[in-house]
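Protein chains in written order, with our numbering: chain A, 2 to 259; chain B, 2 to 259.
Note that these hints are calculated values from the structure, not bench results. Since the model is a prediction, treat every value here as computed from it, not as a measurement. It cannot be assumed that every hint is accurate.
Said to hold, decoys possible - Below, computed lysine-lysine pairings styled on BS3-like, alpha-carbon distance capped at 27 angstroms:
| no. | chain 1 | residue 1 | chain 2 | residue 2 |
| --- | --- | --- | --- | --- |
| 1 | B | 259 | A | 238 |
| 2 | B | 105 | A | 238 |
| 3 | B | 16 | B | 47 |
| 4 | B | 47 | A | 238 |
| 5 | B | 26 | B | 156 |
| 6 | A | 156 | B | 105 |
| 7 | B | 238 | A | 47 |
Letter by letter, the chains look like this.
Protein chains: 2
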Amino acid sequence: MITSRDNETVKLAVKLMTSAKDRKKNRCFAAEGVRLCRDAAESGAKIKQFLYTAAAAEKYRKDFEKLISVSVSSAELSGGIFDRISDTSTPQGFLCIISMDEEKDRFDVVKGRKYAALENVQDPSNMGTILRTAEAFGADGVLLSSGCCDVYSPKVVRGSMGAVFRLPVMTVSDFSDAIGKYTDSGINTYASTPREAVGIEDVSFADGGIMLIGNEGNGLDEETISRCSQRVMIRMKGRAESLNASAAAAVLLYEMMK
Amino acid sequence: MITSRDNETVKLAVKLMTSAKDRKKNRCFAAEGVRLCRDAAESGAKIKQFLYTAAAAEKYRKDFEKLISVSVSSAELSGGIFDRISDTSTPQGFLCIISMDEEKDRFDVVKGRKYAALENVQDPSNMGTILRTAEAFGADGVLLSSGCCDVYSPKVVRGSMGAVFRLPVMTVSDFSDAIGKYTDSGINTYASTPREAVGIEDVSFADGGIMLIGNEGNGLDEETISRCSQRVMIRMKGRAESLNASAAAAVLLYEMMK
Numbered sequence: 002m003i004t005s006r007d008n009e010t011v012k013l014a015v016k017l018m019t020s021a022k023d024r025k026k027n028r029c030f031a032a033e034g035v036r037l038c039r040d041a042a043e044s045g046a047k048i049k050q051f052l053y054t055a056a057a058a059e060k061y062r063k064d065f066e067k068l069i070s071v072s073v074s075s076a077e078l079s080g081g082i083f084d085r086i087s088d089t090s091t092p093q094g095f096l097c098i099i100s101m102d103e104e105k106d107r108f109d110v111v112k113g114r115k116y117a118a119l120e121n122v123q124d125p126s127n128m129g130t131i132l133r134t135a136e137a138f139g140a141d142g143v144l145l146s147s148g149c150c151d152v153y154s155p156k157v158v159r160g161s162m163g164a165v166f167r168l169p170v171m172t173v174s175d176f177s178d179a180i181g182k183y184t185d186s187g188i189n190t191y192a193s194t195p196r197e198a199v200g201i202e203d204v205s206f207a208d209g210g211i212m213l214i215g216n217e218g219n220g221l222d223e224e225t226i227s228r229c230s231q232r233v234m235i236r237m238k239g240r241a242e243s244l245n246a247s248a249a250a251a252v253l254l255y256e257m258m259k
Numbered sequence: 002m003i004t005s006r007d008n009e010t011v012k013l014a015v016k017l018m019t020s021a022k023d024r025k026k027n028r029c030f031a032a033e034g035v036r037l038c039r040d041a042a043e044s045g046a047k048i049k050q051f052l053y054t055a056a057a058a059e060k061y062r063k064d065f066e067k068l069i070s071v072s073v074s075s076a077e078l079s080g081g082i083f084d085r086i087s088d089t090s091t092p093q094g095f096l097c098i099i100s101m102d103e104e105k106d107r108f109d110v111v112k113g114r115k116y117a118a119l120e121n122v123q124d125p126s127n128m129g130t131i132l133r134t135a136e137a138f139g140a141d142g143v144l145l146s147s148g149c150c151d152v153y154s155p156k157v158v159r160g161s162m163g164a165v166f167r168l169p170v171m172t173v174s175d176f177s178d179a180i181g182k183y184t185d186s187g188i189n190t191y192a193s194t195p196r197e198a199v200g201i202e203d204v205s206f207a208d209g210g211i212m213l214i215g216n217e218g219n220g221l222d223e224e225t226i227s228r229c230s231q232r233v234m235i236r237m238k239g240r241a242e243s244l245n246a247s248a249a250a251a252v253l254l255y256e257m258m259k
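Sequences are here, hints too, so could you generate the full structure?
What follows is the structure, given as structure tokens:
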């Protein structure tokens, strides 16, 4: 049983819970909690290491056995050490260190399929909710601009309800340029923006395409909007200036995928 | 200038920021930040007291003058005292103590109009987002079960983007019974539930009604569902068990109000 905070596994886990840079460097991330760890196992995520407390192993026996069997390695931690790693107030005692799935996350955008693309979405709760929504509506993949928050932060992983284990998510450098190239190759690219746009209910999505969703405060960059094939909007009645980014994404992706 | 934490106004503000019980007892709540305070003034909210720091008064001169003119009273606080009241890490130095608008929040549910009703929605972020969404799509009012989180908590007020200043929001005791009575009186009541339900895109909302949205983890109570006139659902494709409550609410209210 690991009881020291100086243990290398503990130090790695703390880094993965707190630093996007360390996640990138190690090409792995952490998923904490019974539900998420079970979900990782069921989704076939590559679990490098499964960390648990004795109390949790006892309490969640069935999940514990499954996780032990699918993980490359595992280690028991003392409750005190587990609490140091956890970012929740009442840790359940399960944490998986998961390898990023580069195969899943490297994909070609194909004509006829449906994708979401997020530009500079910075709030982890919004990001998590949007990934969860994209999966629920059957998106084939999600493109992210490099200005988005880290998709492997604990908040995003939790908010996505495990969608990050399954949904192809690719970060794209030179975002507006990449979108422009998709447009030029005949893929529909829909810029969600309230100005000079067509109501989303009047758009046919039969040919698929990419639905672009912008930053919480500023929306999509003008440059990006100009490279899209169509501007679309959600018609509103009330006084609220606009919908919350994740609420807007839900409506846009629902209309696109229904 | 108020510099003491023992000042009665400071003590009241702290209570309003932290305690639903004290908000209820005093029939008022707090709105913090330049944008929200401006919004309160523009929405005609009854501002009992406007609290500010000298730095904020200087920095946001125009908003400061407007707020001074529409508030019943006002007081300057030292930066240190303001920080004690604030629940943000970088306080902007504006806070309004606002009287609950009982007139706005006491309304009759009218046939032909459109309402949302939330049963035991407990996460303040979800609640705030749903209120913002309801206003954006032009809901005539929102009904809350008594098991919902407090609609006047700072997180809800902020997340609603000021919708709480304008949108009629009424808490209903004996929620399922109240819904049953609306159903009996010929008002359409739509229970969102994934079981034995009609796809939301196949429902006509021409006659208005009430869209019911349930608790984040458990959905609507069976008793409540049984008292509704129709069960509706959002069709999904992917593996995510369900949408986040606020994403589901966005799609349901969009379809109902479009």
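Status of the hints after comparison with the structure:
Our distance criterion of 27 angstroms between C-alpha atoms is met by residue 259 of chain B and residue 238 of chain A, whose separation comes to about 9 angstroms. For a cut-off of 27 angstroms, the pair hint linking residue 105 of chain B to residue 238 of chain A stands: about 19 angstroms separates their Cα positions. Restraint check for residue 16 of chain B and residue 47 of chain B: the C-alpha separation of about 19 angstroms stays at or below 27 angstroms, so the hint holds. The suggested pairing of residue 47 of chain B with residue 238 of chain A holds, with an alpha-carbon distance near 24 angstroms, which does not exceed 27 angstroms.
Note on residue 26 of chain B and residue 156 of chain B: the hinted pairing holds, with a Cα-Cα distance of about 19 angstroms set against a maximum of 27 angstroms. Proposed proximity of residue 156 of chain A and residue 105 of chain B is contradicted: the alpha carbons are some 37 angstroms apart, above 27 angstroms. Our distance criterion of 27 angstroms between C-alpha atoms is met by residue 238 of chain B and residue 47 of chain A, whose separation comes to about 24 angstroms.
Hint check: a violation occurs at hint 6 only; the rest are consistent with the structure.
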